[in-house]
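Number of protein chains: 2
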Amino acid sequence: MADKVHVVVDAMGGDNAPGLIVKGAVDALNENANVEVTLTGREADIQKALSGLQYPKDRLHIVHCEEVIEMAEPPVDAIRTKKDSSMVRGLRMVKNGEADAFVTAGSTGAALAGGQLLVGRIRGIERPPLAPILPTAKGPVLLIDCGANMDPRASMLLQFAQMGSIYMSNMTGIDKPRVGLVSVGTEEEKGNALTKEVFPLLKSCETINFVGNIEGRDIPEGAVDVAVTDAFTGNAILKTYEGVAGVLIHELKDAMLSTTRSKAGALLVKPALKDMLVKFDATRYGGAPMLGLKGLVVKTHGNSKSEEIRNAVAQCVLFKEKDINGQFVKEMELGPKG
Amino acid sequence: MADKVHVVVDAMGGDNAPGLIVKGAVDALNENANVEVTLTGREADIQKALSGLQYPKDRLHIVHCEEVIEMAEPPVDAIRTKKDSSMVRGLRMVKNGEADAFVTAGSTGAALAGGQLLVGRIRGIERPPLAPILPTAKGPVLLIDCGANMDPRASMLLQFAQMGSIYMSNMTGIDKPRVGLVSVGTEEEKGNALTKEVFPLLKSCETINFVGNIEGRDIPEGAVDVAVTDAFTGNAILKTYEGVAGVLIHELKDAMLSTTRSKAGALLVKPALKDMLVKFDATRYGGAPMLGLKGLVVKTHGNSKSEEIRNAVAQCVLFKEKDINGQFVKEMELGPKG
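Going down the list, the sequences are from chains X and V.
So in numbering that gives the first Met the number 0, spot 207 of the first sequence is number 206, and the numbers just go up one at a time.
So in numbering that gives the first Met the number 0, spot 327 of the second sequence is number 326, and the numbers just go up one at a time.
Take the hints with a grain of salt, since some may be wrong.
One copy or two, either will do: identical chains are not told apart, so a pair holds if it fits within one copy or between any two.
[Unchecked claim] Below, simulated DSBU-like cross-link-like pairs (lysine-lysine); rule was C-alpha separation at most 35 Å, straight line:
| hint | residue 1 | residue 2 |
| --- | --- | --- |
| 1 | Lys189 | Lys94 |
| 2 | Lys304 | Lys273 |
| 3 | Lys137 | Lys252 |
| 4 | Lys82 | Lys189 |
| 5 | Lys278 | Lys262 |
| 6 | Lys81 | Lys202 |
| 7 | Lys81 | Lys3 |
| 8 | Lys82 | Lys321 |
| 9 | Lys81 | Lys195 |
| 10 | Lys82 | Lys94 |
No lab work stands behind these hints: they were computed from the structure.
Since this is a predicted model, take the numbers as computed values, not measurements.
Let the hints inform the model, and build the full structure from the sequences given.
This is the structure in structure tokens:
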């Protein structure tokens with residue numbers, strides 16, 4: 000059997016830290032004998048969260064850190080100054096080859112800055128994108144990039160498409176993932192200066208299945224498996240996506256509880272609605288991977304519960320077992336045209 | 000009494016033309032004695048749609064045009080070559096001062112190109128934005144720009160904020176509309192090169208109530224009345240917004256009809272859900288205004304029914320009666336800082 004996959008989990012990151020974070024890491028350990036987990040954070044807090052849980056003690060390690068990076072801190076400063084934080088220590092373990100991957104529900108900005116500054120990029124990768132997986136009517140879609148690359152060059156978006164395609168193909172088993180470029184119309188000449196420059200690069204890249212420009216509505220409708228965009232637009236889409244879904248579901252619940260009659264009906268439709276909402280839960284695929292680094296960094300939602308953390312650890316294991324970084328290296332060696 | 004407001008309606012634009020378009024125009028006429036409507040399009044088709052409808056004949060005019068601009072045509076070409084189309088003839092009437100406003104459910108691209116090329120801009124306005132009104136949990140929000148300005152200058156976004164603020168204040172009665180700049184975080188230093196340049200311009204503009212950066216999720220949550228962005232991002236947000244809401248409502252209906260039990264429940268919750276969906280229907284505010292032109296152009300949804308057309312005509316009347324273009328002119332005369 001191959002070496003165990005070693006995943007570091009930031010025990011202090013997110014709204015539910017350390018309790019549900021630690022629980023998720025333990026669940027992942029119990030589920031898969033081929034994984035080893037290190038929890039970074041305040042040891043006393045972690046031990047408390049572990050008490051009462053059953054887990055293989057030889058595969059769970061704790062690295063005590065005094066500091067925690069808070070959500071509101073300026074990311075780059077935090078990464079540079081809080082050297083004894085659960086995030087910096089975890090990222091350094093990946094950088095040093097002591098671990099394969101790092102999972103955090105903490106500050107997105109700090110994870111992005113830390114991934115780039117501490118872990119470092121694969122040779123040839125210009126910038127590492129952050130790529131959340133969104134649920135759609137027909138399956139998951141990778142929205143790449145939603146990271147720190149606000150004004151990217153066209154060549155970066157080509158790399159995002161290449162990495163996103165390899166990622167989705169390996170992680171979800173989709174054959175030749177459909178890659179779309181987010182624009183304002185399907186015709187090649189539609190878009191802004193960036194997309195007009197990116198379109199021909201994607202079109203001539205032989206290793207991806209480029210299906211052309213897409214519009215925002217194609218994402219929830221599941222028209223593609225990989226949606227390529229700059230991080231500014233990606234962030235706007237991601238937040239709008241989550242916001243609209245959140246508001247509608249909230250209003251729906253309110254409406255169902257608004258009258259005696261609707262309350263009675265709500266009890267009857269509840270099981271069917273639950274099934275539907277499960278379909279729209281993309282956390283089964285783990286968190287958002289930050290790709291193109293020497294290792295894997297996974298950012299889960301700030302409100303992650305144990306299940307998302309467990310899935311994120313499983314995601315790291317699959318990423319390593321499929322040697323996705325090895326595939327990225329090969330793809331980059333083929334040169335800019337794939 | 001003041002002169003009647005004269006609105007031209009493109010009888011051939013949209014999925015439901017001419018039937019429901021003509022019906023909507025007639026409803027608007029019957030509702031308000033101070034409006035005059037001209038329908039542009041094939042006279043025989045329009046007469047057929049009018050047969051059986053009751054309306055004041057002295058306030059309804061028909062301008063026969065042989066041509067129709069189709070949805071798939073290249074917009075600029077269509078506007079330049081189809082001089083006898085319902086859209087070009089209607090826009091020319093606004094340009095020539097024969098009408099105050101033009102309403103169309105036809106091609107957005109052609110309406111944008113035609114507004115800019117045929118109607119012309121108010122002095123001082125760099126580019127006319129298209130600003131759809133989105134429904135939110137707390138009221139309508141104007142998303143400005145979703146038009147043709149793909150790579151705008153910062154000074155254009157300042158003008159969008161100024162016009163959007165005046166528009167919302169007058170049209171929906173909101174006092175000091177809250178203006179937000181779409182970005183990737185609330186802090187001033189967050190964003191791309193464009194938003195970083197726009198932020199200080201909005202901050203120092205004394206005639207608007209700038210509340211700072213917003214994220215995509217703040218739009219459905221109703222955190223602002225005016226959301227300022229470039230047309231590329233605006234289009235991505237708009238299409239994602241409509242797409243996510245459409246997919247969720249579709250899946251919800253499917254789920255409710257999936258079992259005998261859920262069907263029984265659906266009957267009971269239906270009235271409450273209908274009330275909720277009415278709240279999320281922004282068509283009561285009309286269509287998306289294209290602002291900064293010498294006149295008003297309103298683009299309604301391609302699938303507009305009579306109610307949206309009726310509301311769009313009412314929107315044109317209010318726009319004229321409140322002299323919003325006069326207010327834009329004054330605002331521009333105050334100079335770039337408002």
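Verification of the supplied hints:
1. Lys189 - Lys94: between (41 Å within a copy, 27 Å between copies)
2. Lys304 - Lys273: both (18 Å within a copy, 33 Å between copies)
3. Lys137 - Lys252: Result: close both inside a copy and across copies, 24 Å intra and 16 Å inter.
4. Lys82 - Lys189: Result: close only across copies, 24 Å inter versus 46 Å intra.
5. Lys278 - Lys262: both (24 Å within a copy, 20 Å between copies)
6. Lys81 - Lys202: Close across copies (33 Å), not inside one copy (44 Å); limit 35 Å.
7. Lys81 - Lys3: within (29 Å within a copy, 69 Å between copies)
8. Lys82 - Lys321: For Lys82 and Lys321, the Cα distance is within 35 Å only inside one copy (32 Å; across copies 60 Å).
9. Lys81 - Lys195: between (42 Å within a copy, 28 Å between copies)
10. Lys82 - Lys94: within (14 Å within a copy, 65 Å between copies)
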